[in-house]
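Novice: Residue numbers (the working numbering), protein chains in the order written: chain A, 3 to 305; chain B, 3 to 305; chain C, 3 to 305; chain D, 3 to 305.
Please keep in mind that the hints were generated in silico from the structure rather than gathered at the bench.
In the DSS-like style, the derived pairs of lysine-lysine whose C-alpha atoms are separated by at most 25 Å in a straight line are:
(1) Lys-275/A x Lys-292/D
(2) Lys-269/B x Lys-292/B
(3) Lys-275/C x Lys-292/B
(4) Lys-292/C x Lys-275/C
(5) Lys-275/B x Lys-275/C
(6) Lys-275/D x Lys-292/D
(7) Lys-269/C x Lys-275/B
(8) Lys-269/A x Lys-269/D
(9) Lys-275/A x Lys-292/A
(10) Lys-269/B x Lys-275/C
(11) Lys-292/C x Lys-275/B
(12) Lys-275/A x Lys-269/D
(13) Lys-292/A x Lys-269/A
(14) Lys-269/C x Lys-292/C
(15) Lys-292/D x Lys-269/D
(16) Lys-275/B x Lys-292/B
(17) Lys-275/D x Lys-292/A
(18) Lys-275/D x Lys-275/A
(19) Lys-269/C x Lys-269/B
(20) Lys-269/A x Lys-275/D
Number of protein chains: 4
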Amino acid sequence: MPLTPEQQAEIEEQRAHPQPTLRAVAPGMEKHLYTAHQVLDHGLVRVIDYMGDDNAITQAARVSYGRGTKSVSNDEGLIRYLMRHWHSTPFEMCEVKFHVKLPVFVARQWIRHRTANVNEYSARYSILDREFYIPAPEQLAAQSTVNNQGRGAVLEGAEAARVLDLLREDAMRSYDNYEQMLSQDGQQGLARELARMNLPANIYTQWYWKVDLHNLFHFLRLRADAHAQFEIRAFAEVMCAITRDWVPYAYAAFEDYRLGGTQLSGKGVAILKRRLAGETVTAENSGLSKGEWREFAAIWGEN
Amino acid sequence: MPLTPEQQAEIEEQRAHPQPTLRAVAPGMEKHLYTAHQVLDHGLVRVIDYMGDDNAITQAARVSYGRGTKSVSNDEGLIRYLMRHWHSTPFEMCEVKFHVKLPVFVARQWIRHRTANVNEYSARYSILDREFYIPAPEQLAAQSTVNNQGRGAVLEGAEAARVLDLLREDAMRSYDNYEQMLSQDGQQGLARELARMNLPANIYTQWYWKVDLHNLFHFLRLRADAHAQFEIRAFAEVMCAITRDWVPYAYAAFEDYRLGGTQLSGKGVAILKRRLAGETVTAENSGLSKGEWREFAAIWGEN
Amino acid sequence: MPLTPEQQAEIEEQRAHPQPTLRAVAPGMEKHLYTAHQVLDHGLVRVIDYMGDDNAITQAARVSYGRGTKSVSNDEGLIRYLMRHWHSTPFEMCEVKFHVKLPVFVARQWIRHRTANVNEYSARYSILDREFYIPAPEQLAAQSTVNNQGRGAVLEGAEAARVLDLLREDAMRSYDNYEQMLSQDGQQGLARELARMNLPANIYTQWYWKVDLHNLFHFLRLRADAHAQFEIRAFAEVMCAITRDWVPYAYAAFEDYRLGGTQLSGKGVAILKRRLAGETVTAENSGLSKGEWREFAAIWGEN
Amino acid sequence: MPLTPEQQAEIEEQRAHPQPTLRAVAPGMEKHLYTAHQVLDHGLVRVIDYMGDDNAITQAARVSYGRGTKSVSNDEGLIRYLMRHWHSTPFEMCEVKFHVKLPVFVARQWIRHRTANVNEYSARYSILDREFYIPAPEQLAAQSTVNNQGRGAVLEGAEAARVLDLLREDAMRSYDNYEQMLSQDGQQGLARELARMNLPANIYTQWYWKVDLHNLFHFLRLRADAHAQFEIRAFAEVMCAITRDWVPYAYAAFEDYRLGGTQLSGKGVAILKRRLAGETVTAENSGLSKGEWREFAAIWGEN
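Kindly generate the complete structure, drawing on both the sequences and the hints.
Specialist: Structure below.
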């Protein structure tokens with residue numbers, strides 16, 4: 003769904019008037035400000051404000067470590083060092099505020115990340131719009147047969163059509179009835195805080211979400227992961243691209259050490275050392291459980 | 003809705019085997035352990051575990067204030083002193099874990115309290131039960147005409163009947179369709195993480211919720227308040243009663259200083275002083291805005 | 003102590019190059035950026051960065067309350083409403099980052115406010131400077147005889163001189179010995195992480211401290227209060243003045259509802275109502291404890 | 003330093019009276035309750051209270067994952083699965099409260115872990131005891147020549163003796179002067195909140211520290227690590243032993259996946275895969291920086 007002309011006009015107005023500031027400015031982030039990145043069918047992510055840049059991270063680290071940081075001479079190296087050694091506080095010195103429009107079932111996963119600030123549209127005060135997430139056909143997947151919380155093959159033919167019809171019809175009917183219960187035309191009209199209970203979890207809500215860079219990375223590591231539900235991952239991936247433009251060194255370190263890295267258990271280290279020494283380690287002699295071996299072998303191969 | 007025989011049996015089993023412990027024991031809380039307090043039509047609150055009692059609060063305060071606390075000779079007086087002066091850390095030394103079954107729209111308000119630990123039933127992994135909150139007739143209220151987020155008069159006659167019918171029918175239909183989409187009978191069956199999006203916000207979910215006493219009081223102050231939505235207040239009131247049994251001194255102090263107290267602005271203090279000095283202060287000469295005067299007068303009268 | 007020429011030059015350099023930004027700009031805060039406000043004898047507070055302004059608060063509130071906020075037509079009224087009703091999340095949408103130089107015993111109080119981000123100078127990595135807080139003569143006070151944690155009369159004559167001598171001599175001697183233990187001149191030199199244990203709590207440390215406006219107000223309410231220790235209050239008062247320039251509406255509301263207001267217990271409300279009805283309420287018939295009556299009477303008079 | 007007879011008597015009294023409870027009881031933890039574990043020269047760790055056991059973790063997980071967790075049939079396997087996949091909330095369902103006596107410079111590191119509840123002895127209210135940490139001779143180490151924040155060789159002979167003399171003399175003198183400033187014998191006596199500033203960072207303080215198991219593990223991973231300063235590691239190691247007795251399955255999983263494991267970057271994974279394929283990877287062709295290679299080679303060898 004395209005933005006309304008009013009929304010588009012508001013964004014253009016906001017983008018038209020740069021003002022001078024003495025604060026740190028991240029050029030890569032300025033270009034994102036207020037611009038709506040569309041996500042899913044009616045969702046969006048917009049950067050409303052930000053604080054700091056790559057340099058704000060090293061500046062804070064140099065307060066902490068004083069002369070000790072002189073030995074790492076450049077910002078990029080220092081940022082990689084901080085990320086590698088889990089020094090989280092310098093990354094907390096950057097902050098970002100997003101405007102996000104998202105389905106309620108995605109919002110319910112998202113809000114579990116507690117170290118952030120949120121102002122959500124309140125359906126006690128106001129009436130929600132008739133906007134529902136309906137999956138694209140290629141996202142309409144069967145329950146995974148191997149993963150209790152995952153998706154398997156894409157649904158096909160009549161079943162897919164039936165599901166889409168059901169989702170659309172139930173959304174429209176529940177919204178019609180929501181409006182009818184609220185209506186004050188010839189009746190009192192049900193309180194908004196009650197009427198909203200009739201709306202399904204694919205209705206869109208929106209919020210302002212503000213978070214520091216350390217906690218944003220934590221969110222992105224979990225939600226841009228291949229095991230995250232597709233619908234929240236769609237948001238996380240847009241936010242990854244924005245973050246790369248905002249703090250390129252920090253994002254590159256995050257990509258190498260977190261997104262692209264892996265955690266080995268003590269047992270896993272021992273197995274790799276045996277293999278490096280020429281030994282053949284199999285599921286049987288690995289000492290790992292079946293599930294653990296499957297995950298290990300997915301990265302390191304069967305032997 | 004009554005508990006199932008299985009649930010009832012599990013509770014009785016848990017309650018049948020006291021074990022010795024050296025920890026502080028709160029007799030008033032032991033009697034609540036595992037017992038299901040019913041809330042709304044299908045909801046419940048159960049105490050799963052707790053840490054500490056009134057004495058744990060003063061014990062921690064005496065670590066902090068050392069000899070300085072000797073002057074307040076008894077526990078009750080010290081607890082009132084701590085509450086009055088916003089010394090929050092001693093109250094954080096008590097902890098409680100609840101099992102709560104609640105409608106999703108209540109859960110969405112509740113989760114905004116971030117300083118707690120939560121494990122919620124996951125509809126990605128598992129299938130939700132066919133249980134929906136349908137308001138009792140006396141709770142079916144119109145939108146308030148004075149308060150954007152409140153309820154007004156109770157709906158009557160045909161309108162009330164119509165609303166209840168709509169809520170019930172939409173709940174049943176959406177659940178039927180949820181089941182149909184999930185079904186693997188002659189079809190692949192939609193992934194659970196997708197099918198759940200069809201369920202309305204009055205479906206019941208459940209979680210374990212663990213919180214310290216300071217943050218529990220903060221939650222109760224906001225959610226047992228007359229302005230809180232009835233449905234969350236119903237839970238808060240049950241939890242108030244439990245907390246009173248658990249830490250009677252702390253609860254009494256909370257009741258006096260928080261639930262039963264009020265916050266005055268600098269302007270409000272000045273008005274009361276003028277009145278105590280015999281002056282007649284009205285909306286016009288109060289210096290308060292209209293809304294502020296209305297709230298002030300609700301407690302202190304019109305002049 | 004004046005800033006060094008190097009520090010002064012760095013500040014001037016930072017202040018000389020405004021850059022264009024599309025973000026919200028708070029003119030009252032721009033003028034504070036990087037400028038060192040001196041506090042106590044060697045301490046300082048500098049604004050390093052900020053996010054948002056008064057408008058960012060109402061913008062977030064309007065996302066939350068949607069059409070419901072239209073009735074409060076102006077920003078100032080809405081901000082007062084939010085503050086009065088403890089709606090904290092819109093205030094969390096503003097963020098500020100300070101550079102603070104402060105004595106260690108003040109830092110130890112300050113750090114108890116957990117909802118902030120901190121990067122402190124590390125004496126494991128680096129060597130602390132020879133800078134100690136020595137109270138001004140008018141701050142050299144005796145232990146209060148009525149308040150376990152307060153100050154009484156100012157010390158005079160020989161006693162005051164003796165205290166200042168002791169503080170200065172012990173500071174200098176401990177620092178001399180710190181340097182001697184660290185020295186690698188003709189010896190190995192003790193590890194910095196060990197040598198620092200010899201330094202007293204009036205040595206200065208420094209940190210970057212980043213916090214949202216809601217939590218800043220909470221900090222300021224407790225630390226700009228007359229009961230706070232003078233040394234931390236000195237910092238809080240400078241930060242109050244800065245915050246007033248940053249978000250004038252929010253600060254004015256904070257001043258009226260928090261700093262200038264008071265909390266009444268249920269018992270306190272009842273007493274005031276009796277007085278307003280013409281009754282004479284004394285300590286004896288108030289139902290309050292002695293301590294509580296003393297605090298009540300300090301605001302409302304003896305009868 | 004041994005406990006005083008009064009402290010010993012209080013502990014014995016507390017341990018003498020088990021009471022019945024319906025809550026989960028962890029036998030391995032009951033034996034630790036109240037018992038003082040000595041740490042360093044005058045420090046201690048005591049368990050004051052706890053909530054939950056291994057079973058509380060899986061119980062919470064089963065609420066979350068419902069039928070989905072049935073496939074992992076036993077508690078130990080489920081706990082390992084949760085730890086491996088960074089499912090932190092079930093571990094938050096256990097809580098522990100410690101009484102800790104520790105030097106101030108250790109307390110300053112410790113308090114940086116913000117997700118815990120703390121009540122510290124207040125030197126504004128009360129007078130600190132004459133107890134200082136003086137390192138054992140084998141802990142008196144030189145500054146590391148390779149690590150900005152570490153220790154090198156143990157000091158020897160005259161230098162070691164000189165350091166110990168300085169630490170002891172400065173501690174005693176500063177405490178003498180602290181007492182003299184406080185004294186009301188023939189003078190007013192300086193306020194406690196001021197006099198404390200003369201005390202060095204090796205004086206002992208004490209606090210109650212309460213934390214959930216997830217955050218405790220995070221603390222232990224950082225502070226029981228070989229790179230942590232010895233003095234805080236001494237506390238962490240005692241707490242590791244206590245935690246092993248409290249929640250043996252969870253602790254074993256923590257030991258394998260966190261303490262004994264390692265994090266590989268994307269580059270690190272690629273290097274190991276090249277080696278497994280028979281290639282010789284050296285510092286030069288690794289693509290790692292010098293510092294990163296040194297850390298990598300410390301685990302995986304030079305080629």
